[in-house]
Every structure is written in C-alpha cells, then in structure tokens.
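Chemist: This is what each chain is made of:
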Amino acid sequence: MADAKDRPLSPHLQVWRFHITMFVSIMHRVTGCGLYAGALIGAWWAAALAGGPVTYNNFLGVLGSIPGKVVLFGLTICMFFHLGNGIRHLFFDMGEGFDLKTADFSAWALMGFTAVATLFTWGLAYATGGI
Amino acid sequence: MSGYRTDHSRARGLGSAKHGAGHWIAERVSALALIPLCVWIIFAAVRLSSAGYGDAVNFVSNPINATLIFLLIAVTFWHMHAGVRVVVEDYIQDHLGKIALLILNLFICALGGTLAAFSVLKVAFTNGSF
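Protein sequences, first through last, are from chains Y and W.
If you're matching positions, the first sequence starts at 5 in our numbering and goes up one per residue.
If you're matching positions, the second sequence starts at -13 in our numbering and goes up one per residue.
Honestly, the hints are just simulated from the structure, not real lab data.
A few of these clues could be false.
Estimated spans, in silico, between C-beta atoms of each pair [stated by the list, open to error]:
no.	chain 1	residue 1	chain 2	residue 2	range
1	Y	PRO57	W	ALA12	32 to 40 angstroms
2	W	TRP26	Y	GLY133	16 to 24 angstroms
3	W	ASP80	Y	PHE95	30 to 38 angstroms
4	W	ASP(-7)	Y	ILE24	40 to 48 angstroms
5	W	GLY40	Y	PHE22	44 to 52 angstroms
6	Y	THR25	W	TRP10	16 to 24 angstroms
7	W	ASP80	Y	PHE109	34 to 42 angstroms
To give an idea of the chain Y side of the interface with chain W (calculated C-beta under 7 angstroms), a few residues [said to hold, decoys possible]:
no.	residue
8	ALA47
9	LEU53
10	ALA54
11	PRO57
12	TYR60
13	LEU87
14	GLY90
15	ALA129
Listed next, the stretches of chain W that the computed footprint assigns to chain Y, with coverage defined by at least 3 CB atoms under 8 angstroms from CB atoms of chain Y [what the hints assert, rightly or not]:
no.	region
16	13 to 23
17	69 to 75
No residue lacks a Cβ here, since even glycine has one placed at the ideal position from N, Cα and C.
Please build the complete structure, drawing on both the sequences and the hints.
Modeler: Here it is, written out as structure tokens:
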C-alpha cells in the first residue's frame, strides 16, 4: 500500500484527449451528484409538507426565490441528462450502441434531449403559472 | 509461520469480494424503475409548482400517488447511495477518509430517505381517505 498514492486516478483524465463521449461520461457522475442534493431537497419538500401550511409556504418561498429557481433549473438539467444518459447506458449494458459513430451520435442526441426537455418543462411550468 | 504457507494459501481471499455483480445489477434494475417514476414526478412537480399547500396535501393523500412517491423515495435513495458509493471508491485513495465518506453517504441516504418516507406517510395517513 506504500505506493498507493502513485497510482493513476480513475478515469485517467491526463491520458485522454477531450471527446464528447468522455464529456458525457464525466457529466453523468457530476449530474448524479447534483441529483443527490436534489433528492435531499425532495426529502425537505416532504418534511415541509408534513409540517403543515406554515412550513410548506416557507419552503415554497425559499424554492420560489431567484436562487431557489436557479437551483431548480440546474436540477432539471441534471435530471434529464442523468435520465437520458441512464437509458443510453442501459443500451450499452446490453451491448448495443458501442461503436464510435452510434456512441457519438447518442451523446449529441442526449445533449439535445436535455436542452429541449428542460426548456419544455420550464415552459410548461410557466404556461401553467408555476413560475 | 507465513513461510510455511503455500502460494495458493497466500493468494486465497485476495481477489474480489464477489459482491460486484450483485451491486452492478441492482444499480441497473433501480435505474430501470426510476425511468417512469422520474418522468412522473417531474410532471407532478410542475403541477404542484402552481399549487398551494392544500393541493399538495390532496396530491400526496391519493393512494396511488402516495404509493408511487413512496417507491420513488425508496428506489431513489438506494440508487443514489449506490452511485455515490462507487464515486467515493473510485476517487478517494486515503483508506480512513474513504471509510468515513462511505459511512457518511450511507447515513445521509438513510436519514434523508427515512425522513421523506415518514413525511409522505404522515401526510397520506392524516389527511386523506386512505
């Protein structure tokens, strides 16, 4: 274990040149960690609701503020990215879509899906008076 | 004493813990379950964003909604524990630091998940016609 500190760190950032599939792979972990915070905000939502109307309105006040909305917007991006890439990875796990062309295409499609789905969700919230 | 041990005896127990496949499969199965649950909760959240306390209580008090939220909480907190556990195992080399973060991850997920589940059940049982 003496030389444990000399071992390269996964995912060996220093030996790969930048590529879209690499970016998407890294972002899967980043968005997953973001959703970790998102799930705790979800638990906070449930606890605030169980606390009664006063605590729930306080919660809505915090999330409805500008910083709250920025966090929620970021979490929406994380959610659709992680959801889309999770499905992409389930295909990888079945041995599908591993060739470079398909993997590149699905990575770009994921970026498009994330953008469209995030804007659609916020557009829907805006249209129904949620924001 | 170790000088008397055979090469085979010394090598035994040094391999994987043989738990990896189970963890890997459970991560995928929970991911599969989270696909419909997340799509559902996103639209529920959009609906609730324009609603007040009473509408949210009514939403959670509906038995089907309460069931789906409860499942979402259970699978989400299990999945995020499994995911961050792998991240910690990959990036943290310091043995004590790794163990401390793994335990912290477990405790945060257990606490958050239990708090969310208990809160949803409390709302569902005290306000609805369950």
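Chemist: With reference to the structure, classify each hint as holding or not holding.
Modeler: Now the hints, each set against the structure:
1. The hinted range of 32 to 40 angstroms is satisfied by Y:PRO57 and W:ALA12, whose Cβ atoms lie roughly 39 angstroms apart.
2. Distance hint check: the CB atoms of W:TRP26 and Y:GLY133 are about 21 angstroms apart, consistent with the given range 16 to 24 angstroms.
3. As the Cβ distance of W:ASP80 to Y:PHE95 is approximately 36 angstroms, the hint placing it in 30 to 38 angstroms holds.
4. The hint said 40 to 48 angstroms for the Cβ distance between W:ASP(-7) and Y:ILE24, and at roughly 47 angstroms that hint holds.
5. Under the hint 44 to 52 angstroms, the C-beta atoms of W:GLY40 and Y:PHE22, about 51 angstroms apart, fit the expected range.
6. For Y:THR25 and W:TRP10, the Cβ-Cβ distance of about 20 angstroms falls inside the hinted range of 16 to 24 angstroms, so the restraint holds.
7. In this structure the supplied range 34 to 42 angstroms holds for W:ASP80 paired with Y:PHE109, their Cβ-Cβ distance being about 40 angstroms.
8. Contact between Y:ALA47 and chain W, as hinted, is supported at the beta carbon level, the nearest pair being about 4 angstroms apart and thus within 7 angstroms.
9. Nearest Cβ of chain W to the Cβ of Y:LEU53: about 6 angstroms, under the 7 angstroms cut. The hint holds.
10. The closest approach between the C-beta of Y:ALA54 and any C-beta of chain W is roughly 4 angstroms, which is under the 7 angstroms cut-off, so the hint is satisfied.
11. Annotation: interface hint on Y:PRO57 holds; nearest CB of chain W at approximately 4 angstroms, less than 7 angstroms.
12. Interface restraint check for Y:TYR60: the shortest CB-CB distance to chain W comes to about 5 angstroms, inside 7 angstroms, so the restraint holds.
13. Contact between Y:LEU87 and chain W, as hinted, is supported at the beta carbon level, the nearest pair being about 6 angstroms apart and thus within 7 angstroms.
14. For Y:GLY90, the interface hint holds, the least distance from its beta-carbon to any beta-carbon of chain W being 5 angstroms, beneath 7 angstroms.
15. The beta carbon of Y:ALA129 comes within 5 angstroms of a beta carbon in chain W, closer than 7 angstroms, and the hint placing it at the interface holds.
16. Residues of the region 13 to 23 of chain W with a Cβ under 8 angstroms from some Cβ of chain Y number 5, which satisfies the need for three, so the listed coverage holds.
17. Requiring three or more residues with a Cβ within less than 8 angstroms of a Cβ of chain Y, the coverage given for the region 69 to 75 of chain W holds, as 3 such residues are present.
Violated hints are absent here; each numbered hint is respected by the structure.
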